[in-house]
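There are 4 protein chains.
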Amino acid sequence: MDKYRHWHQTSFKVRDYECDLQGRVNNSVYGNYFEHSRHEFLLFKGIDFAELCEQKIHLVVRHLEIDYLKSLSSRDEFTVFTKVEPQGRLKVLFHQHLLSNLPADEHDLKEQNNPSRILYAKAIVTGVAVNEKGKPFIPDVFQKMI
Amino acid sequence: MDKYRHWHQTSFKVRDYECDLQGRVNNSVYGNYFEHSRHEFLLFKGIDFAELCEQKIHLVVRHLEIDYLKSLSSRDEFTVFTKVEPQGRLKVLFHQHLLSNLPADEHDLKEQNNPSRILYAKAIVTGVAVNEKGKPFIPDVFQKMI
Amino acid sequence: MDKYRHWHQTSFKVRDYECDLQGRVNNSVYGNYFEHSRHEFLLFKGIDFAELCEQKIHLVVRHLEIDYLKSLSSRDEFTVFTKVEPQGRLKVLFHQHLLSNLPADEHDLKEQNNPSRILYAKAIVTGVAVNEKGKPFIPDVFQKMI
Amino acid sequence: MDKYRHWHQTSFKVRDYECDLQGRVNNSVYGNYFEHSRHEFLLFKGIDFAELCEQKIHLVVRHLEIDYLKSLSSRDEFTVFTKVEPQGRLKVLFHQHLLSNLPADEHDLKEQNNPSRILYAKAIVTGVAVNEKGKPFIPDVFQKMI
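Residue numbers (numbering that gives the first Met the number 0), protein chains in the order written: chain A, 0 to 145; chain B, 0 to 145; chain C, 0 to 145; chain D, 0 to 145.
The set of hints was computed from the structure by calculation and includes no laboratory data. Just so it is clear, the structure is predicted and the values come from calculations on it, not from any experiment. Virtual Cβ for every residue (Gly too), placed ideally from N, Cα, C. Be aware that one or more of the hints could be misleading.
As the list claims (entries may be wrong) - The calculated label-pair distances, taken between Cβ atoms and stated as ranges, are:
hint	chain 1	residue 1	chain 2	residue 2	range
1	A	S10	B	N100	37 to 43 Å
2	A	P135	B	P102	45 to 51 Å
3	D	K134	C	I123	25 to 31 Å
4	D	R4	C	K44	56 to 62 Å
5	C	I123	A	Y3	48 to 54 Å
6	A	P135	C	F43	22 to 28 Å
7	A	P135	B	K132	44 to 50 Å
8	B	E76	D	P85	21 to 27 Å
Said to hold, decoys possible - Below, simulated DSS-like cross-link-like pairs (lysine-lysine); rule was C-alpha separation at most 27 Å, straight line:
hint	chain 1	residue 1	chain 2	residue 2
9	A	K132	A	K69
10	A	K121	B	K69
11	A	K55	D	K121
12	A	K44	D	K12
13	C	K69	C	K2
14	B	K12	A	K132
15	C	K132	A	K55
16	C	K134	D	K44
17	C	K121	B	K12
18	C	K90	C	K12
19	A	K143	A	K44
20	B	K69	A	K82
21	A	K121	B	K44
22	A	K2	A	K55
Stated by the list, open to error - A few chain C positions that, by computed beta-carbon distances, are all more than 12 Å from chain B:
hint	residue
23	D1
24	R14
25	E34
26	K82
27	H94
28	I117
Model the full structure from these sequences, guided by the hints.
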């Protein structure tokens, strides 16, 4: 997994209430997984989303794109890898990949280059900070992020 | 609203539990709105998503793109407009626009061409039918859809 | 439906994303239905939940009880009936019944006394108002509610 | 924590999308936490909820009671403790307590008897197994559960 060495990681296990009629995780729930992973990434960078809300600094999503490659089901364990890059002066771009966890018995041997991880989904998310009136601006926290 | 004359319509009202820390509808919930609108569109075409599930015909989303233009808040009432077009032999493309409802007092006068409706979000969703083994195929219902 | 003549009503249609692995509406979603119905009831009484939040007046649930009598499934249409009564000096008690809608063809004939409505679920919810420090108090809006 | 020595434990961290307008975890989400904890408990006992669904054995909730004692907020980490007892011949009763995790620095010293854990919520859930026609019965798995 050399590719993801510098990406932030958040681990999950599918919860049954996230599955729908088809017996698979509902499409919209991937949006939840990706959001939680972004907020964990922000916390890791010293940025607390909930605190920003109270200061009326709103980090909002302008554009979201998800590729669904394989369906998640009950009991699946997986990790979302997140990295960020600036886009223009006011926006940031999050790249997020959702991969299966390493099978327990392969964890030690193949830690860095494991072909058996499955790529379930990929997201690209464009974020921007807006003030109370909805105007985009560059908050101090952006410097911490990138 | 000439533009949407031939689009299918599903109406909603924001529910408070759909709003998050920011006091606005959470991004992932738009995914729910768009999904429900697609399923209502399918029902209108005589296609019952839940029944298909029981027949092991799975309509799945391969790609989702959402543009967030303006935030929905508590009490907002809105309509999702949906239309579909074929993409290649195996896929269908849904175009979905989420607009504010007409203000009640303007409803009669301006029914067909109303500049005061607000476009909140737009989605493009690529769907495909897969069998139990996950192989794409063309189910009979596709003919009803388009 | 003489019994419910003075209860507030909120109508719903099951959305497929609310159904889980069992092909039925997930238990927790009933909590959403009941909450939305309480907030609609409050609005009807002139009380705006979201506005109260901004004024740091928090209406919170202390106790929730739900009886699940019959499962809701895809496409079901139903109504939540809500009434409220004071409990002691600081609390209010919501009684909520979730019933199937009238079948369309029976709507006219049996409007007031229809034996064919199905009772899906019942809830009793104890609410209290707390200030920013979490202390219970009696807000002015309580007088409007009851 | 002697009291909970024989209870099953499932750990969680609040995700921001689970918080609502009030900046606290929405009431219905506690239903999700308790459900996921019951399913983890069942897995621990060798009972796979999703597999049972496929065999048309449905474990369903008949009655749910939640006491909300303190609100969960962004970043809170907590554990749901679950135990089960039979109720009559056909039902099982789950007792579930949601407590804050031990502060990291107190973890070693006070592992077994920690006064600083906070009780956020308690649930009592009555479950029953029903066949495809909705009739209650005693599945073999009940013996594993208790």
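Status of each hint after checking the structure:
{"no.": "1", "hint": "A/S10 - B/N100: 37 to 43 Å", "in the structure": "41 Å, holds"}
{"no.": "2", "hint": "A/P135 - B/P102: 45 to 51 Å", "in the structure": "28 Å, violated"}
{"no.": "3", "hint": "D/K134 - C/I123: 25 to 31 Å", "in the structure": "27 Å, holds"}
{"no.": "4", "hint": "D/R4 - C/K44: 56 to 62 Å", "in the structure": "48 Å, violated"}
{"no.": "5", "hint": "C/I123 - A/Y3: 48 to 54 Å", "in the structure": "50 Å, holds"}
{"no.": "6", "hint": "A/P135 - C/F43: 22 to 28 Å", "in the structure": "38 Å, violated"}
{"no.": "7", "hint": "A/P135 - B/K132: 44 to 50 Å", "in the structure": "46 Å, holds"}
{"no.": "8", "hint": "B/E76 - D/P85: 21 to 27 Å", "in the structure": "48 Å, violated"}
{"no.": "9", "hint": "A/K132 - A/K69", "in the structure": "40 Å, violated"}
{"no.": "10", "hint": "A/K121 - B/K69", "in the structure": "25 Å, holds"}
{"no.": "11", "hint": "A/K55 - D/K121", "in the structure": "34 Å, violated"}
{"no.": "12", "hint": "A/K44 - D/K12", "in the structure": "18 Å, holds"}
{"no.": "13", "hint": "C/K69 - C/K2", "in the structure": "20 Å, holds"}
{"no.": "14", "hint": "B/K12 - A/K132", "in the structure": "23 Å, holds"}
{"no.": "15", "hint": "C/K132 - A/K55", "in the structure": "21 Å, holds"}
{"no.": "16", "hint": "C/K134 - D/K44", "in the structure": "42 Å, violated"}
{"no.": "17", "hint": "C/K121 - B/K12", "in the structure": "23 Å, holds"}
{"no.": "18", "hint": "C/K90 - C/K12", "in the structure": "31 Å, violated"}
{"no.": "19", "hint": "A/K143 - A/K44", "in the structure": "6 Å, holds"}
{"no.": "20", "hint": "B/K69 - A/K82", "in the structure": "26 Å, holds"}
{"no.": "21", "hint": "A/K121 - B/K44", "in the structure": "31 Å, violated"}
{"no.": "22", "hint": "A/K2 - A/K55", "in the structure": "36 Å, violated"}
{"no.": "23", "hint": "D1", "in the structure": "28 Å, holds"}
{"no.": "24", "hint": "R14", "in the structure": "4 Å, violated"}
{"no.": "25", "hint": "E34", "in the structure": "6 Å, violated"}
{"no.": "26", "hint": "K82", "in the structure": "20 Å, holds"}
{"no.": "27", "hint": "H94", "in the structure": "20 Å, holds"}
{"no.": "28", "hint": "I117", "in the structure": "19 Å, holds"}
Checked against the numbered hints given earlier, the structure breaks hints 2, 4, 6, 8, 9, 11, 16, 18, 21, 22, 24, 25 and satisfies all the rest.
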